[in-house]
Amino acid sequence: MSFTFWILVTACLAGATCGLIGSFLLLRRMVMMGDAISHAVLPGIVVGYLWSHTREPWVMLVGAGVFGLITAWFTELIQRNSRVEPGAALGVVFTFLFAVGVILVSLFAGRIDLDADCVLYGEIAYVPWDLWIVGETSLGPRAVWMLGGSLVINLAVVLFFYKELKVCAFDPEFSESIGISTRRYHYLLMTATSLSTVAAFESVGAILVVAMLVIPAAVAALLTRTLPGLLIGAIAVGCACAVAGYALATWWDSSISGSMAVAGGMFFLAAVLFSPQRGILLRRFQSIAESPDLPAHP
Amino acid sequence: MWENALRFLSLQDPNVRYVLFGSILLAGTTGVLGTFAYLRKRSLVGDAVAHAALPGVCLAFLLFQSKEPYILLIGALVAGGLATFCIDAIRRWTFLKEDAAIALVLTVFFGAGIVLLTHIQGSGNASQAGLDKFLFGQAASLMSRDVWILGGLSIVLCAAVYYAFKEFKLVSFDPDFARAIGMPCGLLESFLTALTVAAIAVGLQMVGVVMMAALLITPAAAARQWTENLPKMAILAGGIGAASGGIGAFTSALAPRMPTGPWMVVALTGFFVASLLFAPRRGVLARAWRLFSTRAQVAEENLITTLYRLDEDLGNGTNFWKPSAIVERRSIAMFQLVRILKRLRGYGYVERADSGWRLTPQGSQYAERIVRRHRLWELYLTEELQLPPDKVHRDAEEIEHWISQAQEEELENLLAQPRLDPHARRIPRRRKEHPGSA
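Line order of the protein sequences matches chains A and B.
The first sequence begins at 1 in our numbering and counts up by one.
The second sequence begins at 1 in our numbering and counts up by one.
Chain A extracted, bound-state conformation (with noise of 0.2 Å):
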């Protein structure tokens, strides 16, 4: 019982934070950053691992919450200095990040037990193990802890800069001219996203952060029109695409993060179909019952 409780409490965690963070991402048109920060952190890992001669998760976390904000800021700097598309100016540089990490890793294969593979895709199943124990007790799993006071900090982040945030997402030009820099939250909502990202993908995977980074805060645009409500929303469908992910993979025998980024796609399905607002087949419906009610032509 407790090994699935934990991994529910786990995925629930890394979908709320996640969720949280993507709402905003979504709005400013920057969800790919997550894809990108995810795979840039590799060198900072590596650098972290080097430096520190241990596996000791902190140091790892601030190498590539460093490395996170170094995408983030490469990516405006290249964009600020010359006219390169933002999309090609960010695959630039993500590329680029994750291209030394590997070659950090082969140059110091001899040194270190790390590979890509086993950073990028962590595995969500063995969480429940991977204990944090002070002197004699334990305090339950790591990861745990580590997305819990993400989600904490996330969320005073929120709560605080509720209206900043609101306004460079939906009107950078009118929050610049009232005062509020956009840069300045541009890079708080960085912060945060390479918080998130950290924070979640060295226990439960890449894969599954970009997943509820951007899934979570897709549905829940797609059901409903107020900010509020996107941000709940998309804390719960987070929470959601956890639980029916882990009963898919459960029942299929396989990935519990790979199945859990299938539930949410399924739920992306049946939004983009059947939300009341905005669902495809609802807008068919009503414009086949609406149609006849028009003024015949003349």
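Worth double-checking, as some hints may not be accurate.
[Said to hold, decoys possible] Within a straight-line C-alpha distance of at most 30 Å, the following computed DSBU-like cross-link-like pairs (lysine-lysine) qualify:
1. LYS41/B / LYS166/B
2. LYS166/A / LYS97/B
3. LYS322/B / LYS342/B
4. LYS41/B / LYS97/B
5. LYS232/B / LYS342/B
6. LYS41/B / LYS166/A
7. LYS97/B / LYS163/A
[What the hints assert, rightly or not] If you want the footprint, here are the derived chain B segments under chain A, 3+ residues with CB under 8 Å:
8. 35 to 44
9. 99 to 113
10. 206 to 214
11. 245 to 259
[What the hints assert, rightly or not] Just the calculated beta-carbon pair ranges, DEER-fashion:
12. PHE285/A / LYS41/B: 31 to 41 Å
13. PHE85/B / LEU282/A: 17 to 27 Å
14. VAL62/A / VAL327/B: 51 to 61 Å
15. GLU68/B / LEU282/A: 42 to 52 Å
16. ALA159/B / LEU107/A: 40 to 50 Å
17. PHE292/B / VAL62/A: 22 to 32 Å
18. LEU273/A / PRO184/B: 27 to 37 Å
19. ARG92/B / GLY229/A: 22 to 32 Å
Don't read these hints as lab results, they were simulated from the structure.
Glycine included, each C-beta is placed from N, C-alpha and C at the ideal position.
Dock chain B against chain A, hints included.
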């Protein structure tokens, strides 16, 4: 290390040849394909398609129970095509934007791939080993067959781009117009997509998912800095890709267990950064130099006109002015003033004596030109735009450096060859004998 380098350069080892030619062909082809993706602002689609290949490979394996590369390749092709279609569908049928559509398709497809892969592994299928190699890439496993596929692909691409160049160009720059004049846009886009997906499917085995995205994005982004011309950009992107392929293959041959793909990406990024910095018109350095030289020119012209006005207002016979007198007129740091004056003496616009500096005839002609434009503009603003005379100086002070000969003549004609500006100062006449000197 040197033996390794020599062994590589002698190309004796067939394995080395496959890796080298394969890398060059792959990166060259993706460079050209990436050009069209870049111009259509769809660079990151390649990333999603590369990730989407995984479920295709796994499904092909499950359906046919075979690891034959052709079959896996077909699986990757179908899944990649489906992923591209899904991205388009999400963009068309929902209000979600491109980035969300790409991220959605990427994660859901890749997640499905992981599910299938773990299911295959869990079911204890003995021949599954190596499926994940398909994804993470190993250039060393390249065989002559892969090189032939890549070669064929690049020939098809070159032929298609050569024969349907006009169509590809139009679809890249103005798809709406292309559709309006009845061009088969869907067909052309599907063709580009099919080629891209095929290149990705072949390249995945060599360099892996993430590096594959870089091969599509980076060469085009680098090439774009150098040219505004599509054929040149495509050729340059192909060249940059091919060069990086060669560099990556060479570097990885120097040490054992050195990966090829990441070194290709590092080389590509090197080209990209160099392009950002050194490209002649768009480059950071070129723009910094333009800014610097424009500022210098404005400072010089301002100083020349200051000397001219001093002559005009306080004409002291010799027209030699001490730096302190000049500073009174135009606020500028003394060391800068002297530096600019020395530069102007180098051009022959001012000369120096013990009592100070003065304009040479050449310099005063230059000054007249600037002052003429300044006063013409002031007059234009008061006459035509009805601005009060005390509000026009600042504007004219800025624009005096940018008015061309033709604009100057036009202003003169418009204002009927005026003699005085709004402040009742004389507008210097143009000297006919030296048109446009200096």
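**Message:** Which constraints among the numbered hints does this structure fail? Numbers only, ascending.
**Reply:** Violated hints: 5, 17; rest satisfied.
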